[in-house]
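As you go down the protein sequences, you meet chains Y and L in turn.
With full-length UniProt numbering, you'll find the first sequence wraps up at 481, consecutive numbering, no jumps.
With full-length UniProt numbering, you'll find the second sequence wraps up at 481, consecutive numbering, no jumps.
These are calculated hints, taken from the structure and not from any lab test.
Hints are supplied without guarantee of correctness; some may be wrong.
The list cannot tell twin chains apart, which means a pair is met if one copy fits it or any two copies do.
Claimed, not checked - Listed below are the simulated DSS-like cross-link pairs for lysine-lysine, each with C-alpha atoms no more than 30 Å apart in a straight line: (1) Lys-456 with Lys-405; (2) Lys-137 with Lys-456; (3) Lys-431 with Lys-405; (4) Lys-366 with Lys-396; (5) Lys-134 with Lys-123.
Protein chains: 2
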Amino acid sequence: MRTSLSILLAAGLLLAAPAGHAQVRKKAKAKPAAARPATPTPEVASAPVSDSVALRKIFNEALLRGESYDNLRYLTGNIGARLSGSPQAQLAVEWGKATMEKAKFDRVYLQEVMVPHWVRGSKERGEIVGNKDKGVKVPVCALGGSVGTGGKLKAGVVEVHSFDELKNLPDAAVKGKFVFFNRPFDDALIEPGAAYGGAVEQRALGAVEAAKRGAVGALVRSMTSARDDNPHTGTMRPAAIPGAALSTNAADRLSLLLKASPELQFELELECITLPDEKSYNVVGEIRGSKYPNEIITVGGHLDSWDLAQGAHDDGTGCVQSIEALRLLRAAGFKPERTLRAVLFMNEENGNRGGTEYARLAAENKETHVAAIESDGGGFTPRGFGLEADAATLAKVVKWAPLFKPYNADDITAGHGGTDIGPLKEGVHPKALIGYKCDSQRYFDIHHTAADTFDKVNRRELELGGASMAALIYLLSKYGL
Amino acid sequence: MRTSLSILLAAGLLLAAPAGHAQVRKKAKAKPAAARPATPTPEVASAPVSDSVALRKIFNEALLRGESYDNLRYLTGNIGARLSGSPQAQLAVEWGKATMEKAKFDRVYLQEVMVPHWVRGSKERGEIVGNKDKGVKVPVCALGGSVGTGGKLKAGVVEVHSFDELKNLPDAAVKGKFVFFNRPFDDALIEPGAAYGGAVEQRALGAVEAAKRGAVGALVRSMTSARDDNPHTGTMRPAAIPGAALSTNAADRLSLLLKASPELQFELELECITLPDEKSYNVVGEIRGSKYPNEIITVGGHLDSWDLAQGAHDDGTGCVQSIEALRLLRAAGFKPERTLRAVLFMNEENGNRGGTEYARLAAENKETHVAAIESDGGGFTPRGFGLEADAATLAKVVKWAPLFKPYNADDITAGHGGTDIGPLKEGVHPKALIGYKCDSQRYFDIHHTAADTFDKVNRRELELGGASMAALIYLLSKYGL
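Looking at chain Y on its own, in the form it has when it is part of the complex:
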């Protein structure tokens, strides 16, 4: 119990915790990563509690004393953008380790990972050039892994909406031009992630496909249904020609102008370059299981972020929630029967080297993995979980759904696990790979843009997400799969 809270309670003036909570948050603002007042003495669960009571304790802990939001404030504000190989990525590794040590996990350690090191460079310019060289500058950004333009690259533009359409164009229509991939999100799809899945091949493979036809560059409509001036970066398969994203407003404008003036030209200037690989790390924190210490439950997010903003929702929220999930269980007074691991994976955005190495080491060490959970969809209001698992395992977990109903997080279905935990499937093959699902209507507005900042995160939504993950881990640890 916080010190100020004790005083206030003694004075008989308080009926509920939050004044102390406010004071703690003030402290947190001044010294973001400093040690907090002693955490409440965990109530050792002398008598077993029902699952619904256990979940209630976890959610109370998160809503009244949660630390995700303050941890995220530090990660995004004091460290910020942290692309693999960058100095900030190393700061993030050190932050992750320190934060887990502060949470007093049983063991905190690093796993070495070699990561690609791509840098954007300072010059990044796109311009639609018309008559008499009069031009309109438009927001662009290099796609991750792109080569630079080696100075100003000016060429005509041909617009397509599918790889088939590109294939059916005659050579003369493509050679020496930019190919402009402008198939938008299918806005009618309810899940923005599905729309992303239907469009993202253009970003990932557009440059490769265009290079095959002798194009000089690929311009890709940003992966979002929002109409604004924020270009969305993201990884592309390495190609001989540069690839850049246009903001959706810029894409719409280019498309309109192309219809009026098919002979217009586009000028692109990118200074990005791939440097030699760098040594980096996954950060792992463990709470050893009391009954089945050899059975492991992993929960993680990815520590690296794109370089245009702060990596708040992608994936700072997943990182802080993963640390918090373990911290909450202990703070709520529980001793997990199985071993819990919070993992901050490096390099999810452009290589997945961290997830791959984690899985390799797990297999090499002949570990037994029960389940792995990933939070990489933002820190928005909880919805539920998506499982990659056989039917029997899915049924087991779905039976717990009613326990999540009071928390609006009971949408537990077959679904997608996550990029970082995916490699575990081939090796140690956990019974379930589980993706934490939060509401995603806002996610792709900010995904991979300059708008992915701390202010876009809501404290309660974030803490409710961490609590949902902790609750699932509680049940997985107690019952196994």
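With chain Y's structure known, arrange chain L on it following the hints.
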């Protein structure tokens, strides 16, 4: 189909709608309230479609061609704050009528309503005064309906957390002072609305209770769990003494300083005043039922807003969604069997005169009301609906829940209808009063503050909400209750 879209399709270049959609949105930006290109010819449903296909058509229409977001942009940007009795409230009435006429409802009319006319005035100041008259200015705002201070009002402060605590204080501890009501939200409650319900008596009745004890004013902690510098206004029962809200940061600061210096003083200066009632209006738009025209389904939001910002989530979103729900049904090609009414209620915030008058006229005209739906919880991502209805009626509607599952809006339970539609209960007594439920974790951060602005609204979340309401109306119209 939009004109530009026809051209693009003819040129064989398009595979999906959104480019045209972007163009429409551009048009909307330039001329916010201008007439749009001719709406698509409604596909007259020659063969009946299944309910799930019907809902799919409604949601497609909303996501691809929805007009809520652009209507809200106009209401919040060109009109903005629109407290009952203000000139902007009258502009809002005219906007509502014009928007419904543009949507080509069968009938659009106004219902006259006398409304209270309270104005905030320009001077609004709060200061914590310490030694040697050194002071700290803190964010405050007058509560709706408060009297002014008649100049500077300086007095000591006594902090309480409940009306019982106030009751137990001796007269000398209260007389001539400000009573500072500082019971915070219970952050452990999952639904912020429940926390609001548990704390709002302080705002509504604090001044009245304090006046009974001879206090000179009431200072109330803002009704939110956020910790920031935005004071939250809201209505209070008229009292002899002034009532003002402090931002939560200011409340925490005052509380801390009071413990260090119980003799400190607070200085409040408010110029607010209640003027004579003004004539205003509900705005009603109707689509006449084809089979049971005498059975009415109402859907509405409240047109008035508090005066600190733009009334975006409270309740611009409810207004545009209500208009949109009727427009969507027609645009998707349906002819409702029962009569549908979109109602923009005036004066929900401080008097509920609009809802009361609507109900009075309904009873006077001996109308038959099947159901009434209200959207007054913001325009966030949909969750479902809360019903005030008998068990049999509730069961009927809950049976439709699976139809809403693809849209994540299937949380249909017993709950609360709404302030504006509440008065219908006593008179025409619809079988169900239904509150549209969207996620509320963010709502009370901005509720009644300067932060309730258009940028807080997400287009997809808003249009999905309007579609959810249209879908429920579709089913109510088809099956009755």
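Status of the hints after comparison with the structure:
In this homomeric assembly, Lys-456 and Lys-405 come within 30 Å of each other (Cα to Cα) both inside a single copy, at 26 Å, and across copies, at 27 Å. For the homomeric pair Lys-137 and Lys-456, the shortest alpha-carbon distances inside one copy (28 Å) and between copies (29 Å) are both at most 30 Å. Both within a single protomer and between protomers do Lys-431 and Lys-405 lie at most 30 Å apart by alpha-carbon distance, with minima of 24 Å and 27 Å respectively. For the homomeric pair Lys-366 and Lys-396, the shortest alpha-carbon distance inside one copy (26 Å) is at most 30 Å, but the shortest distance between copies (54 Å) is not.
Taking the shortest Cα distances, Lys-134 and Lys-123 sit within 30 Å of each other inside one copy (20 Å), while across copies they are farther apart (52 Å).
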